[in-house]
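For this one, chain Z is given, so just place chain G on it according to the hints.
In the order they appear, the protein sequences are chains Z and G. If you read the first sequence in my numbering, its first letter stands for residue 1, the second for the next number, and so on. If you read the second sequence in my numbering, its first letter stands for residue 493, the second for the next number, and so on.
Don't take each hint at face value.
[What the hints assert, rightly or not] Here are some of the chain G residues that sit facing chain Z, going by a computed Cβ distance under 7 Å: (1) L506; (2) A510; (3) E542; (4) M544; (5) V551; (6) M552; (7) F579.
Please keep in mind that the hints were generated in silico from the structure rather than gathered at the bench. The C-beta atom is built at its ideal place from N, Cα and C for all residues, glycine as well.
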Amino acid sequence: MSELTSLTIAAARAGLRAKKFSAAELAEAHLVAMERARALNAYVLETPERAHAMAKASDARIAKGEAHALEGIPLAIKDMFCTANVRTTAGSHILDNFIPTYDSTVSSQLWRDGAVLLGKTNNDEFAMGSSNETSFMGPVTSPWRRKGSNTPLVPGGSSGGSAAAVAAHLALGATGTDTGGSIRQPAAFTGTVGIKPTYGRCSRWGIVAFASSLDQAGPFTRSVRDAAILLRSMAGHDPKDTTSVDLEVPDYEAAVGASVKGLKIGIPKEYRVDGMPAEIEKLWEQGRAWLEKAGAQMVEVSLPHTKYALPAYYIVAPAEASSNLARYDGVRYGLREPARDIGGLYEATRAKGFGKEVRRRIMIGTYVLSAGYYDAYYLRAQKVRTLIKQDFEDAFASGIDAMLTPATPSAAFGIGEKTGADPIEMYLNDVFTVTVNMAGLPGISVPAGLDGQGLPLGLQLIGRPFDEATLFSLGQVIEDAAGRFTPERWWA
Amino acid sequence: MSVDSATVRRIAHLARIAVADDEVEHLRGEINSILAFVEQLSEVDVAGVEPMTSVTPMVMKKRADEVTDGGDADAVLRNAPAREGNFFLVPKVVE
Chain Z
1 MSELTSLTIA
11 AARAGLRAKK
21 FSAAELAEAH
31 LVAMERARAL
41 NAYVLETPER
51 AHAMAKASDA
61 RIAKGEAHAL
71 EGIPLAIKDM
81 FCTANVRTTA
91 GSHILDNFIP
101 TYDSTVSSQL
111 WRDGAVLLGK
121 TNNDEFAMGS
131 SNETSFMGPV
141 TSPWRRKGSN
151 TPLVPGGSSG
161 GSAAAVAAHL
171 ALGATGTDTG
181 GSIRQPAAFT
191 GTVGIKPTYG
201 RCSRWGIVAF
211 ASSLDQAGPF
221 TRSVRDAAIL
231 LRSMAGHDPK
241 DTTSVDLEVP
251 DYEAAVGASV
261 KGLKIGIPKE
271 YRVDGMPAEI
281 EKLWEQGRAW
291 LEKAGAQMVE
301 VSLPHTKYAL
311 PAYYIVAPAE
321 ASSNLARYDG
331 VRYGLREPAR
341 DIGGLYEATR
351 AKGFGKEVRR
361 RIMIGTYVLS
371 AGYYDAYYLR
381 AQKVRTLIKQ
391 DFEDAFASGI
401 DAMLTPATPS
411 AAFGIGEKTG
421 ADPIEMYLND
431 VFTVTVNMAG
441 LPGISVPAGL
451 DGQGLPLGLQ
461 LIGRPFDEAT
471 LFSLGQVIED
481 AAGRFTPERW
491 WA
Chain G
493 MSVDSATVRR
503 IAHLARIAVA
513 DDEVEHLRGE
523 INSILAFVEQ
533 LSEVDVAGVE
543 PMTSVTPMVM
553 KKRADEVTDG
563 GDADAVLRNA
573 PAREGNFFLV
583 PKVVE
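Extracted from the complex, chain Z is given alone in its bound form (with noise of 0.2 Å):
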């Protein structure tokens, strides 16, 4: 049964059409393995009873020969997406109680398509973290190590245990959310395939808000036609989120294996930064050689705002979440701390129920935010936002159609080795991503090869606006070329 788990989206497809094996002995063999890897940590909820009822019903309609896009197929959510009667966390303390009475809209249309839940995978709390540390449920831990090594390493974040589970076998496929790069780091991190999509590809109603202006929802798994299969289920118009476009959803399957001959991909030179690791400017090296040799015409540009990409970012986000999480207040939902008064209980329940790394955000976001200093900071970061869009429109409108660029500084690090008193230090994970949801650009992270000690490393493809086709295209090239990469098996 075990080979079961090592499927790729696109063979279970068929291997559930053809009636090989039937989605209950799909679902069941992912149960088991989920079961065994708790080590992980990765899941923060198994759902086997919704798996198996799911799994039941997408047989009763693979034999009726109604099957959906997604019938039967095996999937991790992340616990900042909203599942109806099903625990959703964030991650945090102040909702570990919480049980939503909804879908998110990304969920209810995998489930409209007949994928079966597994489970809630966890992350850094409301998704605020680069390694999955600031978890109330505990921290993730990488089912990669380095060779000969038992330190334990981090996944990657705010997505990490949607990026474990792909990785060490315990999903087909999981939702993630990106940020600053919470898709895309972690996938790196992992060897996994993630795509954030641009913005308002996705509606991010029912998902746990961070940042509103920069939230995007997206797929993680083991190849880039699975990912392509799943974004097409996420994506799509929804009334309920303005900020979704009502444009059609192409078959993104159609562009994997697509000919990138003559396309145009920009190298810009604003991302070999300074004390870059030699792997990953030679990993970058060999991404603009595959690229090259399947014929697309590599280009230098210039990014020239690059650098404040960063933090303008640790402005709007602390911003955006200062003002988000204000809805927990110990009223509504989620936990109360009792006090005599409602200010001190709003104060009590707050201090209570967020982690360090969240209070810290939303007291930076309350700081920019306040009177007399909304200009220096918030509304300087926004002007500074316009500008690094228009590097990129700048660079799209002299002919480029998707730049190449590392998707990490550096691979997997060890749990604990960042946590030290300088928050800076974890920020600068995100240096090469977080442009990308300045910008509300599409971006996908695609395994390129190994370092020295064995750890995934990633390579990061930017597209144009609505454009996350070219994106598959060129990822299935990085993919062909560098091969799919899992970890060797040390838990149960």
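Positioned in the frame of chain Z, the structure of chain G alone reads:
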């Protein structure tokens, strides 16, 4: 720009987060380290630049102003930490 401990307490109050006395100094250090990091934005020339207000240029869709949902107090109150009938319960606000 950097903040002093009085400002840390003021921000905490604005954010409605109780902060213990022994946390203030630590928070001050962290907040100042982030403020120092974002300080580099002051070197960018933003004269005449419009602040970003919409990530994707689009006209917001509008719908008819009519009730499309509601009438389910039980679902709304399901996760309430304290309720009485169809009301959320809070400590006395008005004397």
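Verification of the supplied hints:
1. L506: 5 Å, holds
2. A510: It holds, given that the least Cβ distance between G/A510 and chain Z is near 4 Å, below 7 Å.
3. E542: Since chain Z brings a Cβ to about 6 Å from G/E542, closer than 7 Å, the hint holds.
4. M544: Hint on G/M544: holds, closest Cβ of chain Z at ~4 Å, below 7 Å.
5. V551: 10 Å, violated
6. M552: Since the shortest Cβ distance to chain Z is 5 Å, the answer is holds.
7. F579: 11 Å, violated
Hint compliance for this structure: hints 5 and 7 are not met, and every other hint is.
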